[in-house]
Amino acid sequence: MTSISEFDSKKLLHEHGLQITNEFLVANANEAVKAAESLGYPVVAKLSGAKIQHKTELNGIRLNLQNSDELKIAMRDLEDIGAGNNEFLICEQIQGKREFIAGYHIDDVFGPVIMFGLGGIFTEILSDVNFRLVPCERRDLESMINEIKANSLLGPFRGEGEISIEHLVDALLAISECGLANPDIISIDVNPIIISDSKPIAVDALVVKS
Amino acid sequence: MIDVERIDALFNPKGVVVVGASTHPGKFGFVALHNILSSGFDGPVFATNPNKPEILGMQTLERIQDVPPGVADFAMICISPNQIMDALPELAKIGITSAFVVSGGFKETGENGEALEKQLVAKAEECGIIIAGPNGQGLVSTPVNLCSQIVSPYPPRGHISIASQSGNILSALMNLSRLSNIGIARAISVGNQGQINLSDYLDYFLYDSETAVAVIYVEGIPDGRRFYESLKSLACKKPVIIIRGGSTESGAIAAASHTGSLASDFLIFAAIVRQAGAFLVNGVESAFNLAATFSTQPLPKGNNVVVMTTAGGWGVLTADAISGTNLELLELPDNLKALIDSLLPPRWSKNNPVDLAGGETRDTIPDLLSVLLEHESVDSLIFLGLGIQGNVARSYFESPYANEGTERMANFHTSQEQRYAESIIAATHKYRKPVLVSSELSIADPNNAGPKTLRDHGFLCYDSPDKAVQCLSRLVNFAEAQDR
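Sequence order for the protein chains is A and B.
Start counting the first sequence at 1; every next residue gets the next number (the numbering used here).
Start counting the second sequence at 1; every next residue gets the next number (the numbering used here).
These aren't lab readings, by the way, just hints derived from the structure by calculation.
Backbone N, C-alpha and C fix where the C-beta goes; we use that ideal spot for every residue, glycine too.
What you were told as hints is all true, and nothing was included just to trick you.
Far from chain A, some chain B residues (derived; all Cβ distances over 10 Å):
| no. | residue |
| --- | --- |
| 1 | 39 |
| 2 | 90 |
| 3 | 233 |
| 4 | 237 |
| 5 | 281 |
| 6 | 304 |
| 7 | 411 |
Pairs of lysine to aspartate or glutamate, EDC-like flavour, derived with a Cα cap of 16 Å:
| no. | chain 1 | residue 1 | chain 2 | residue 2 |
| --- | --- | --- | --- | --- |
| 8 | B | 232 | A | 140 |
| 9 | B | 232 | A | 137 |
| 10 | A | 55 | A | 79 |
| 11 | A | 149 | A | 124 |
| 12 | A | 199 | A | 160 |
| 13 | B | 350 | B | 334 |
Derived Cβ-Cβ restraints for the label pairs, each shown as a range:
| no. | chain 1 | residue 1 | chain 2 | residue 2 | range |
| --- | --- | --- | --- | --- | --- |
| 14 | A | 61 | B | 351 | 50 to 60 Å |
| 15 | B | 440 | A | 147 | 30 to 40 Å |
| 16 | A | 155 | B | 233 | 30 to 40 Å |
| 17 | A | 151 | B | 320 | 13 to 23 Å |
| 18 | B | 126 | A | 151 | 49 to 59 Å |
| 19 | B | 233 | A | 108 | 17 to 27 Å |
| 20 | B | 175 | A | 157 | 46 to 56 Å |
| 21 | B | 112 | A | 108 | 22 to 32 Å |
| 22 | A | 155 | B | 351 | 26 to 36 Å |
| 23 | B | 440 | A | 125 | 35 to 45 Å |
| 24 | A | 155 | B | 301 | 24 to 34 Å |
| 25 | B | 233 | A | 147 | 15 to 25 Å |
| 26 | A | 156 | B | 376 | 26 to 36 Å |
| 27 | B | 266 | A | 198 | 28 to 38 Å |
Please take these sequences and the hints and turn them into a complete structure.
So, in structure tokens, the structure goes:
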């Protein structure tokens, strides 16, 4: 069982049509600043590399960095935490109040399934997730999305517009197609998916191969 | 995957042989024969016993080859596992094409049993016999009056079919069928599913014209995809109700991902049932109520429901139960209100629930039912308060103060209850719209003329309105899926 790095996981999913954050892999603070200038502030800096699987637990994510000074401080922290790791990810900061989780998994009994549900820090506690066997039709994915308990989040929310179900279905199809097209993939986590301007953007992803 | 026509041989046999009939009323071989004879099976019945005793007035035969060939095609097998192997070729010779193996001692007992079961299936295949079970309680097929099981009960004839991984759950569903007088078509305790599995029975229920609704009790599923495909094909055409036993909350052990750890057995199963268009319920009673609803009610054209009540509080609770479902408590159109005004005194609720507020006279209820159901904006109706007059009748009948006056009134109440129930059934048929009746008196006093008349006509009376609302909600779900 091997995990693919966040950068490579997102790249692979993007090839199947998933909308992901604009981002660059960098080796040091200078490269990070260049990347941030090309992306535009604010940015996010993260520990990267195949060995780094639990960025959050490592405290390896710095959000909402507004300028090069903040970015440099963040990079210094991450270099310390990474202890010798010289791969970092600089991503655009996605603004959005709603977070979802999506995934792909091979169930022992039913085979490949796609998952969609409520993201954020209470994901495991609320377990507000739903599944469909894949491959399936767009209609199945639409009902899968609408059946979550927190489905009122799909409508207008705190100044943000209604979520484009069409784009959400596209995102789930991309994840499902990525999994089905690569038989060695045993699971995919896309967590979180943040809704920005009514559309879903994959902010982090993890692909696991057998 | 097994040809449905071969499975049909189990449920529509020409003639039956009980292999291993017993003289002892405590043994399977006696009960099976007794049930087949007493249910009045349509075709000839034979029984074998090496000692040739007479059982239940019937002369048993010493050996299988003594059964005239070509007369029976189904065998109910009640002999020990090692005897079955030798019996199968003999059964094939007399023309048996299908059998139910009651006997245990197979897969359920461990590795040796599993090997024996494989041999059994291979032998059956070799002999051209299809086998249900082993280790099951039997089957019921009311269209041919066949009760080939080692337990009770024999349910009334109807259009609900059941395949169950538990014999007890099967019996429980059939007990509810007897209680409610809403009948069964085919019912099978699938046993170890050595040769025919649940998915095969789903395929058969799709093919079988006697089956209008299917109920499945599932514990484990070996081939999930196949089950899903069969379930989906059936659920597109006929309502399928699923009870799941042994659901666990635990996710995949040592899951490699969030998705894996969230993917609990129960959540996945519930999702595939929805995806297939079937209904997952959480118990035997809900399963039976829903199956009975589908087998007796027409499908509604939309989700607008009217609640008609002679009982105020029940009306309020019903309205509460409706909110939060896919049902819409119809806002009464003005022309409908005007029609109701013409039938009721001014104190009626002027709203939905249509609360009669005690304003009914002799013909109000049948007349109002027609007016409501005839209106184009009404898709379905929930009727509350059946049995209230019958309850008074009971008090009068049982009263220490009974006199000619109370008796006359009690008889009037009783006949009114009967009329109400009959008018409900007639209106359902006439207007082709669902009418669901709820009254706690259906269990509090089963002899109350209102609920009793419904039951005598094979029409369900729910014991609480939230149950009626749940069932109606799913009728709407199914109707909508049919329209897509």
